[in-house]
Amino acid sequence: MSAVNANISNAVKDAPGEAALVADLLERIDTDVPEAQDDPLAAKVAQMSAANRGRTNDQEFKVGDMALLSTFRRRQAYIRRVDNRVAKSVVRYDGSYEVLPTFRLHTRT
Numbered sequence: 001m002s003a004v005n006a007n008i009s010n011a012v013k014d015a016p017g018e019a020a021l022v023a024d025l026l027e028r029i030d031t032d033v034p035e036a037q038d039d040p041l042a043a044k045v046a047q048m049s050a051a052n053r054g055r056t057n058d059q060e061f062k063v064g065d066m067a068l069l070s071t072f073r074r075r076q077a078y079i080r081r082v083d084n085r086v087a088k089s090v091v092r093y094d095g096s097y098e099v100l101p102t103f104r105l106h107t108r109t
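For what it's worth, this note's numbering labels the leading residue of the sequence shown as 1, then goes sequentially.
What the hints contain is simulated information worked out from the structure, not anything from laboratory work. Certain hints may be false.
[What the hints assert, rightly or not] Below, a list of computed lysine to any residue pairs in the SDA-like style, where the Cα atoms sit at most 20 angstroms apart:
1. K62 with F103
2. K88 with T71
3. K88 with Y78
[To be verified] Simulated restraints on C-beta separations:
4. E98 with R75: 20 to 30 angstroms
5. N52 with K88: 28 to 38 angstroms
6. I29 with A87: 51 to 61 angstroms
Think of the CB as a built atom: it goes at the ideal place given N, C-alpha and C, for glycine as much as any other residue.
Based on the provided sequences and hints, a complete structural model is requested.
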């Protein structure tokens with residue numbers, strides 16, 4: 001028997017009229033703890049669905065479509081190379097390129 005349970009047992013022996021109150025309190029704690037643990041998960045799901053409402057699905061390209069490529073990473077690398085560089089004049093997109101057929105050697109898992 002743990003020290004906490006021993007203290008509760010001693011308290012119940014001292015006040016027999018409060019045994020039902022202690023049992024009720026312990027039962028409420030046992031039901032409230034799992035509920036409190038589920039609340040952050042429910043909040044996370046609600047936030048995810050709210051954030052995804054304004055997002056669209058990935059755009060699908062067909063063979064022969066024209067596409068622009070983002071130069072975001074290239075601009076970031078340009079800025080990092082030397083201090084005090086500004087990427088204001090670096091182009092944002094590169095292209096336009098024609099979408100070609102592809103063949104996957106591996107499937108996504």
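Verification of the supplied hints:
Of the pairs offered as hints, the one joining K62 and F103 holds, with about 14 angstroms between alpha carbons and a cut-off of 20 angstroms not exceeded. Only pairs whose Cα atoms come within 20 angstroms are accepted, and K88 paired with T71 is accepted, the gap being roughly 12 angstroms. A hinted pair counts as satisfied when its Cα atoms are at most 20 angstroms apart, and K88 with Y78 qualifies at roughly 11 angstroms. Take E98 and R75: their Cβ atoms lie about 24 angstroms apart, and the range 20 to 30 angstroms holds.
For N52 and K88, the hinted distance range of 28 to 38 angstroms is satisfied, since their beta carbons lie about 32 angstroms from each other. Roughly 57 angstroms separates the CB atoms of I29 and A87, a value that falls within the hinted 51 to 61 angstroms.
Of the hints listed earlier, there is not a single one the structure fails to meet.
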